[in-house]
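Visitor: These are the residues of each chain, in order.
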Amino acid sequence: MAKKQQTWELRLYVAGKTPKSVTALKNLEKYCETHLKGQYKIEVIDLLVHPQLAEGDQIFAIPTLVRKVPEPIRKIIGDLSNEEKVLVGLNIRSVNLV
Amino acid sequence: MQLLSKTKTGITGLDDITMGGLPKGRPTLVCGGPGCGKTLFSIEFLVKGATEFNEPGVFMAFEEKAEELVVNVASLGFDLEKLQKDKKIRMDYVRIERSEIEETGEYDLDGLFIRLEHAIDSIGAKRVVLDTIENLFAGLTNEGLLRAELRRLFLWLKEKAVTAIITGEQGEGKLTRHGLEEYVSDCVILLDHRVINQISTRRLRIVKYRGSLHGTNEYPFLIDEEGITVLPVTSLKLDKDVSSETISTGISTLDEMFAGKGYYRGSSVLISGTAGTGKTSIAASFANETCKRKEKCVFFAFEESPKQIIRNMRSIGMNLEQHVKKGLLQFHAARPALYGLEMHLASIYKIIRETKPSVVVLDPITNLVSVGLINEVNAMLLRLIDFLQGEGITVMLTALMGMVDEQMDEGVSSLVDTWISVKDLESNGERNRALYVMKSRGMKHSKQIREFVITDRGLKLVEIYIGPSGILIGSEREEQKLQKLSGKDLKDQQERKLMASRRQGNAASEQSKLKAGK
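These protein sequence lines are chains A and B, in that order.
Mapping of the first sequence onto this note's numbering: residues 269 to 366, in sequence order.
Mapping of the second sequence onto this note's numbering: residues 102 to 619, in sequence order.
Some hints could be false.
[Stated by the list, open to error] Simulated DEER-style distance windows between Cβ atoms:
id : chain 1 : residue 1 : chain 2 : residue 2 : range
1  : A       : THR275    : B       : PHE154    : 46 to 54 Å
2  : B       : ARG252    : A       : GLN274    : 41 to 49 Å
3  : B       : ARG248    : A       : GLU351    : 49 to 57 Å
4  : B       : LYS259    : A       : LYS336    : 51 to 59 Å
5  : A       : THR302    : B       : ARG248    : 32 to 40 Å
6  : A       : PRO287    : B       : SER286    : 50 to 58 Å
7  : A       : GLU351    : B       : GLU319    : 52 to 60 Å
8  : A       : THR275    : B       : ASP187    : 56 to 64 Å
9  : A       : PRO287    : B       : THR242    : 19 to 27 Å
10 : A       : GLN274    : B       : ARG253    : 37 to 45 Å
11 : B       : LEU104    : A       : GLU351    : 43 to 51 Å
12 : A       : THR302    : B       : ASN173    : 31 to 39 Å
13 : A       : VAL312    : B       : THR242    : 20 to 28 Å
14 : A       : GLN274    : B       : HIS294    : 49 to 57 Å
[Unchecked claim] Just some of the chain B residues that point at chain A, by a computed CB distance under 7 Å:
id : residue
15 : GLY206
16 : VAL296
17 : ASP356
18 : GLU357
Keep in mind the hints are simulated off the structure, nothing from the lab.
For each residue, glycine too, the CB sits at the ideal point set by N, CA and C.
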């Protein structure tokens, strides 16, 4: 199925290496390895380095995870500590079911 | 001793009541209900900062879209697009869509801080507006975290030393819906928009201004094509310059009553009288005379249309049209009920500031009572007269008596320098006008009641005749005059006789004295 082949483009916005950001990235990598193995791309954007990028994706909270592809864009803010919520938020479960 | 330094807002009138502007380098909370003008207020603060004080500003919108905002304020002559291009203003629209966002675990609002900092640093902003940050509460569920972050944000703004305006929607029983006043405590301004007797008035009040004196009243303000104008009661200090120059009333016989000169320049004159006593004619004569001296006059007509006034005055030999054509005389006619008192006052202010006349006529002020309570009208007139005197402009007010009660006379009469009363005198089955000067500050004026006649060649006052039964006016006076004329010879004769008899009498008394001396 075409949908299954699609690469997930995920973007994680952080501001420096704060504990929250580190936790978020760790959590994200764990979930992706479990549920989206081989079909995901994670891009980490440090807003302390690229502050101009915050406006484009309407970032106000840190950390924020943005699902760019597949559309529509979804956002999850926080350290992603609740797996269930992240999966629902990213709509990963439903894709797997298909 | 170091005083709080302030940042001028550039909003007309506001810097007067805050005595210099908003606290520099600190956040100010501007709150009010929907449609009270918060966004406009803050935009004007930025635009004026950028254009007048060379202080670039950042506008962070949580409510309206940046593009919409540009269009909305364009009607006020604010070119946000150009200002953005010139790097004077930076707009950032923060969109929080509840449905797109999932919260899981801990987070903070560093993203917002980074965005704001980036915006501030990119143009070297000195001013910041957050409009309306409370929308964050609608987008995010973790209220405790939000509050902590907001507190941090306001502290951070202070550290950044930007003068900021934070807007907030008014909540029930509270200044803002989410209690922002708790965090922003240096200066709080409340905007209000209320409708009384179907007439809407906007008001502004400084609830709090830490470390500074400020006006505590509610000040009316309005939003027109030039932005916000706050109307403070202009200097009540009574320290205006006064002129001892006099200007003619336009009626030579009336000049005579004022020590032969007229009104003082820059003074206020009230003409009161019952209906149809010629108040407008007296006012028009004054306007006419002013224009003849090549000075500017603005005539605010609340009762008649300019054309009507011009026609009516033509019938008494006054050509006002020529002055209008030369631009010396300006008519502004508006029905009082057209808008609220404040709007009237503001439009009068504006016209006066633009035209810079030497004389202003308001005809009649009593009509304004139809849009406001008497004490409100009096307050408005107080402000107006104060303003005009500060500018050295002579003002003439006409008032219809009998329509309102004494309160109005009392209120206004203490404000004015000169008060002329025109009355109807009824006697012998006819009605005649009589005029007298009730008061004229600092001037020796006539205390006489004079008959006031309107002829097709203008207005004049006639010396009153005292007959055996008192004052003779109208046809009685005419009769007396005729008698006097026709009986002139007779009178001469009589006088000669009288003189002769006196001489005789004198001679007789001399004789008696001589006798007594003996």
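Visitor: Run every hint past the structure and note whether it holds.
Guide: Status of the hints after comparison with the structure:
| no. | hint | verdict |
| --- | --- | --- |
| 1 | THR275/A / PHE154/B: 46 to 54 Å | 52 Å, holds |
| 2 | ARG252/B / GLN274/A: 41 to 49 Å | 43 Å, holds |
| 3 | ARG248/B / GLU351/A: 49 to 57 Å | 28 Å, violated |
| 4 | LYS259/B / LYS336/A: 51 to 59 Å | 37 Å, violated |
| 5 | THR302/A / ARG248/B: 32 to 40 Å | 36 Å, holds |
| 6 | PRO287/A / SER286/B: 50 to 58 Å | 32 Å, violated |
| 7 | GLU351/A / GLU319/B: 52 to 60 Å | 56 Å, holds |
| 8 | THR275/A / ASP187/B: 56 to 64 Å | 43 Å, violated |
| 9 | PRO287/A / THR242/B: 19 to 27 Å | 22 Å, holds |
| 10 | GLN274/A / ARG253/B: 37 to 45 Å | 40 Å, holds |
| 11 | LEU104/B / GLU351/A: 43 to 51 Å | 58 Å, violated |
| 12 | THR302/A / ASN173/B: 31 to 39 Å | 49 Å, violated |
| 13 | VAL312/A / THR242/B: 20 to 28 Å | 26 Å, holds |
| 14 | GLN274/A / HIS294/B: 49 to 57 Å | 53 Å, holds |
| 15 | GLY206 | 4 Å, holds |
| 16 | VAL296 | 37 Å, violated |
| 17 | ASP356 | 72 Å, violated |
| 18 | GLU357 | 76 Å, violated |
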